[in-house]
Amino acid sequence: MFRNNYDNDSVTFSPQGRIFQVEYAAEAVKQGSVVVGIASKTHAVLVAIKRNAEELSSYQKKLFPIDEHTGIAIAGLTSDARVLSNFMKQQCLGHRLTYGRNMPIRNLVEQIGSKAQNNTQHYGKRPYGVGLLIAGVDNTGPHLFEFQPSGMTEEMQAFAIGARSQMARTYLERHLDAFQDSSREELITHGLRALKESLVQDRELTVDNTSVGVVGFIKEGEASYKVDPFKVYDGQEVSVFLEKVSDSAEGGAAPAAGGEAEGEGMEVDS
Amino acid sequence: MDHRPQAWGRPRDDIYGAYDGSYLQNSGPKQATQSPVVTGTSVIAIKFADGVVMAADNLASYGSLARFTDVKRLRTFHDNTVIGFGGDVSDMQYLDRLIGEIDIDQEYELEQLPDREAQKSVELMQASNLFTFLRRQMYHQRNEFNPLWNQILVAGFDDEHKPFLASVDLRGTSFTSPSLATGFGAALAQPIMRKYAATDEDAARLTRDQAVDVIKECMKVLFYRDARSLDRYSIAVVTKEGIDLKENEQLEKQSWAFAERIKGYGTQTV
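Residue numbers (full-length UniProt numbering), protein chains in the order written: chain A, 1 to 270; chain B, 1 to 270.
These aren't lab readings, by the way, just hints derived from the structure by calculation.
One thing to keep in mind: the hints can contain errors.
Claimed, not checked - Derived DSS-like pairs: lysine-lysine, alpha-carbon spacing no greater than 27 Å straight-line:
{"hint": "1", "chain 1": "A", "residue 1": "226", "chain 2": "B", "residue 2": "162"}
{"hint": "2", "chain 1": "B", "residue 1": "162", "chain 2": "A", "residue 2": "219"}
{"hint": "3", "chain 1": "B", "residue 1": "72", "chain 2": "B", "residue 2": "263"}
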């Protein structure tokens with residue numbers, strides 16, 4: 001029944017120096033559907049695959065706006081993510097109240113990092129069962145951060161977490177050089193292509209199961225920038241992005257009509 | 001000898017009489033600062049085309065006694081903000097410490113950036129952000145019925161890189177204006193500054209030299225007419241290039257000839 005004697009709580013080391021509860025929490029992240037994030041010099045994007053528990057239910061949201069200038073993508077336990085999301089929203093609001101500006105992203109990420117690490121050092125607590133990608137812009141530019149249940153946070157140029165995310169990461173590694181100078185649209189396209197890589201056979205990106213989130217800078221004059229607020233695209237709004245990565249647009253053998261998203265033709269009864 | 005541990009280290013009753021506990025207990029309500037103790041007088045500041053000039057004399061008075069004559073009441077923050085303190089000097093030092101902590105945090109944030117070039121191009125916190133912080137701090141303290149007995153001027157730039165000048169007092173009242181003065185300066189210097197910069201448009205037409213001259217003229221008038229002032233003062237000019245702070249200036253070209261015409265004071269008999 002038990003894998004070993006050292007996984008009953010998150011405060012006890014195994015003789016090999018491991019904390020099993022934290023490792024199990026990391027497994028929970030891998031159960032979640034895949035999310036991809038990429039940062040360029042001007043923008044940071046998050047794209048995600050949404051899952052529905054059953055045919056009759058709606059799709060579980062994967063992207064959440066935190067503040068005007070930042071948002072998160074989640075993989076793992078959604079309810080744990082909500083706790084973190086609410087906390088982050090409050091921190092951003094508090095910072096805006098006290099300093100009248102957008103909260104620096106690194107600052108924000110370090111706060112949830114400390115919060116999560118705390119859970120791994122107190123008896124009776126459990127680690128968060130969720131991984132996050134945090135995209136945002138501040139005075140130092142666009143940023144993408146990864147957050148893990150262990151409390152580890154790290155800045156990334158591009159990253160993917162969740163089920164089968166290794167395939168997406170391979171894509172990102174191959175195209176790493178292109179990201180820095182990519183435009184807003186190019187960055188989204190790269191994100192969706194990475195997402196496609198990690199799809200299981202016979203599944204594809206549709207307007208129903210794909211979410212796109214973008215945040216960035218709009219240049220205003222030579223030295224002044226305006227924040228292009230974090231915006232989540234869902235449903236029909238993502239069709240323009242999906243068209244660019246459809247098999248036909250990518251030079252596949254499919255006929256021209258294949259550009260349509262899957263959900264479209266289904267109800268047509270002709 | 002009284003051998004009970006409770007009696008150890010206490011004045012002996014047989015020598016000093018019974019201890020009168022009423023001296024220790026304060027049966028009245030808790031009292032916070034009711035009035036300032038060591039005080040600085042006016043701070044004055046005026047905006048000009050590409051920045052702000054601020055000045056304050058170097059005197060800290062103890063009541064009507066000119067107690068300390070080398071107290072610097074202008075403080076710089078992060079090479080883009082000047083803060084001038086009027087009122088209680090110990091409360092100024094407390095706020096100075098608070099601001100110092102933020103400054104250190106800012107420096108660490110800069111250090112996290114990848115390269116020196118990136119550090120230079122980043123402005124983490126502007127005068128407007130620091131002002132929001134001070135405003136919250138002052139209003140918070142007054143809500144605790146324990147105000148910090150100061151009126152503060154903050155000069156620098158706002159988020160849009162335009163010259164910024166604002167004031168907050170011990171009640172948390174805050175406002176901005178092309179020219180500002182605290183204490184006696186509000187009555188004596190403000191009318192003079194208004195002649196040169198009644199509106200932001202007027203201020204935008206002032207040159208740096210003109211603005212400095214106006215401030216020096218005001219400091220002279222203040223020394224003539226404010227009995228708690230000094231002819232040694234600090235003057236700071238904040239521009240996009242940085243801060244030019246001089247902390248040991250001497251009032252020049254004083255003329256006390258007008259004093260002979262003043263009647264009703266001193267040893268005159270008529």
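Find the hints from earlier in the document that the structure breaks and name them by number, from lowest to highest. As far as the earlier hints go, only 3 is violated by this structure.
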